[in-house]
Amino acid sequence: MKHNVLILFFLFIFAGSIYSHHTGSSDSPNATARFVDPFTGKREKPTNYLVMTQDYYQSTRENSHLFTTTAFAEMNFYDGRFALNASVPWNYYQQRGREDAARIGKTYLGFKFQPFFDLDKPYFFVIEGSVGFPSGPDTDRFTGGNYYTGTGFVKLGYLYEKWSFVTKIGGLAPLSRPQPNNLQDNDGVPYYFRKLSASPPEPEYEFKKTTLISGYVTYYLMPEISLFTGLLYRNPYNGVDYSKEKDKLNPSYFTEASAGFSWNFSEKYNMSLAYRYPLQRDREYRLYQSAWTFAFSMEWGSD
Numbered sequence: 079m080k081h082n083v084l085i086l087f088f089l090f091i092f093a094g095s096i097y098s099h100h101t102g103s104s105d106s107p108n109a110t111a112r113f114v115d116p117f118t119g120k121r122e123k124p125t126n127y128l129v130m131t132q133d134y135y136q137s138t139r140e141n142s143h144l145f146t147t148t149a150f151a152e153m154n155f156y157d158g159r160f161a162l163n164a165s166v167p168w169n170y171y172q173q174r175g176r177e178d179a180a181r182i183g184k185t186y187l188g189f190k191f192q193p194f195f196d197l198d199k200p201y202f203f204v205i206e207g208s209v210g211f212p213s214g215p216d217t218d219r220f221t222g223g224n225y226y227t228g229t230g231f232v233k234l235g236y237l238y239e240k241w242s243f244v245t246k247i248g249g250l251a252p253l254s255r256p257q258p259n260n261l262q263d264n265d266g267v268p269y270y271f272r273k274l275s276a277s278p279p280e281p282e283y284e285f286k287k288t289t290l291i292s293g294y295v296t297y298y299l300m301p302e303i304s305l306f307t308g309l310l311y312r313n314p315y316n317g318v319d320y321s322k323e324k325d326k327l328n329p330s331y332f333t334e335a336s337a338g339f340s341w342n343f344s345e346k347y348n349m350s351l352a353y354r355y356p357l358q359r360d361r362e363y364r365l366y367q368s369a370w371t372f373a374f375s376m377e378w379g380s381d
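Residue 381 is where the sequence shown ends in my numbering, and the numbering goes up by one at each step.
It should be emphasised that the hints constitute simulated quantities derived from the structure, not laboratory data.
Some hints here could point you the wrong way.
Stated by the list, open to error - Here are the in silico distance ranges between beta carbons for each label pair:
1. 209 <-> 240: 34 to 40 Å
2. 137 <-> 214: 24 to 30 Å
3. 307 <-> 232: 17 to 23 Å
4. 253 <-> 367: 28 to 34 Å
5. 157 <-> 370: 32 to 38 Å
6. 200 <-> 347: 23 to 29 Å
7. 155 <-> 209: 14 to 20 Å
8. 239 <-> 293: 16 to 22 Å
9. 155 <-> 367: 38 to 44 Å
Said to hold, decoys possible - Simulated pairs of lysine to aspartate or glutamate, DMTMM-like, Cα-Cα distance not exceeding 20 Å:
10. 286 <-> 319
11. 287 <-> 319
12. 240 <-> 198
13. 240 <-> 302
14. 346 <-> 157
15. 199 <-> 239
16. 346 <-> 302
17. 240 <-> 345
18. 199 <-> 157
Ideal Cβ placement from N, Cα and C applies to all residues, glycine included.
When you get a sec, could you build the whole thing from the sequences and use the hints?
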């Protein structure tokens, strides 16, 4: 059902692109500057655009390389003050000593909102949120957790001459409880109709709210090319699915540094490349050795 909703949402976005939507752009430097998050490759302000993001994680905790391709679409309304968006990731695991595997990740539907401030001013304030849908019990095809997840962020940005400064504060929270499964997966019997003798073992993890704080600085070499660097903080380390084991494999927080560049090679097309480096370097518990994020985006609509 959730996939049908997602398909209808994308059809709505493409149908809406036939009409003219104002993107909030003007001749001001703030309106024409692309504020690109170096950790996700997405735009910070409501925009009519599509983006394909490719993440490469080298040497993850499972001694494999992870490739994540994410399709993201966003459509804005009310002269760039409000937007709806959707994203779907696809994960490919290049594993050592085991056969490679691929999974569809958690689907998200979200929004962005600029509640006040003149859009032509050299600063912005954006509220954004999204809902992630359960991935289902079939872990051979889907990943991301069989529960609803909510995200919420407050974003502040300021442009001063050739410099821009952006900070984001928010996090993730589980919106539903885990749905336990019997040892017979996918047999169609709801867990509340099962006999007590068929109850699954106690899960080895618990749900935790996760705090995310990030900030980055961008320098515009010219209107088309910019350089950026940033820091990200995440607590707890393991995200929403938090292991109950209190050992070195589960430190309380995670930090990551990022650096890269963004290139607007035409009025509507943009690409960015970022190198991401976890600051926790112990081989026994680091999430991954390093990561690269490449994003290609296309805007539509008239100014």
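Tested hints:
1. Judged by the Cβ atoms, the range 34 to 40 Å given for residue 209 and residue 240 holds: they are separated by roughly 37 Å.
2. Restraint check, residue 137 to residue 214: a C-beta distance of roughly 29 Å satisfies the suggested window 24 to 30 Å.
3. Roughly 22 Å separates the CB atoms of residue 307 and residue 232, a value that falls within the hinted 17 to 23 Å.
4. Judged by the Cβ atoms, the range 28 to 34 Å given for residue 253 and residue 367 holds: they are separated by roughly 33 Å.
5. Against the hinted window of 32 to 38 Å, the Cβ-Cβ separation of residue 157 and residue 370 comes to about 35 Å, which satisfies the hint.
6. Between residue 200 and residue 347 the Cβ separation comes to about 25 Å, which falls inside the hinted range of 23 to 29 Å.
7. Distance hint check: the CB atoms of residue 155 and residue 209 are about 19 Å apart, consistent with the given range 14 to 20 Å.
8. Between residue 239 and residue 293 the beta carbons are some 19 Å apart, a value that agrees with the proposed interval 16 to 22 Å.
9. Distance hint check for residue 155 and residue 367: the Cβ-Cβ separation is about 42 Å, which falls inside the suggested range of 38 to 44 Å.
10. Of the supplied pair hints, the one linking residue 286 and residue 319 holds, its CA atoms being roughly 7 Å apart against a limit of 20 Å.
11. A hinted pair counts as satisfied when its Cα atoms are at most 20 Å apart, and residue 287 with residue 319 qualifies at roughly 9 Å.
12. At most 20 Å may separate the alpha-carbon atoms for a hinted pair to count; residue 240 and residue 198 meet this at roughly 16 Å.
13. Under the criterion of a C-alpha separation no larger than 20 Å, the hint pairing residue 240 with residue 302 is consistent with the structure, at around 12 Å.
14. For a cut-off of 20 Å, the pair hint linking residue 346 to residue 157 stands: about 17 Å separates their Cα positions.
15. A distance of roughly 12 Å separates the Cα atoms of residue 199 and residue 239; the hinted pair therefore holds under the 20 Å criterion.
16. Restraint check for residue 346 and residue 302: satisfied, since their Cα atoms lie roughly 11 Å apart, inside the 20 Å limit.
17. Between the alpha carbons of residue 240 and residue 345 the distance comes to roughly 19 Å, so the proposed pair stays at or under 20 Å and holds.
18. Pair hint residue 199 plus residue 157 holds up; C-alpha atoms about 15 Å apart against a cutoff of 20 Å.
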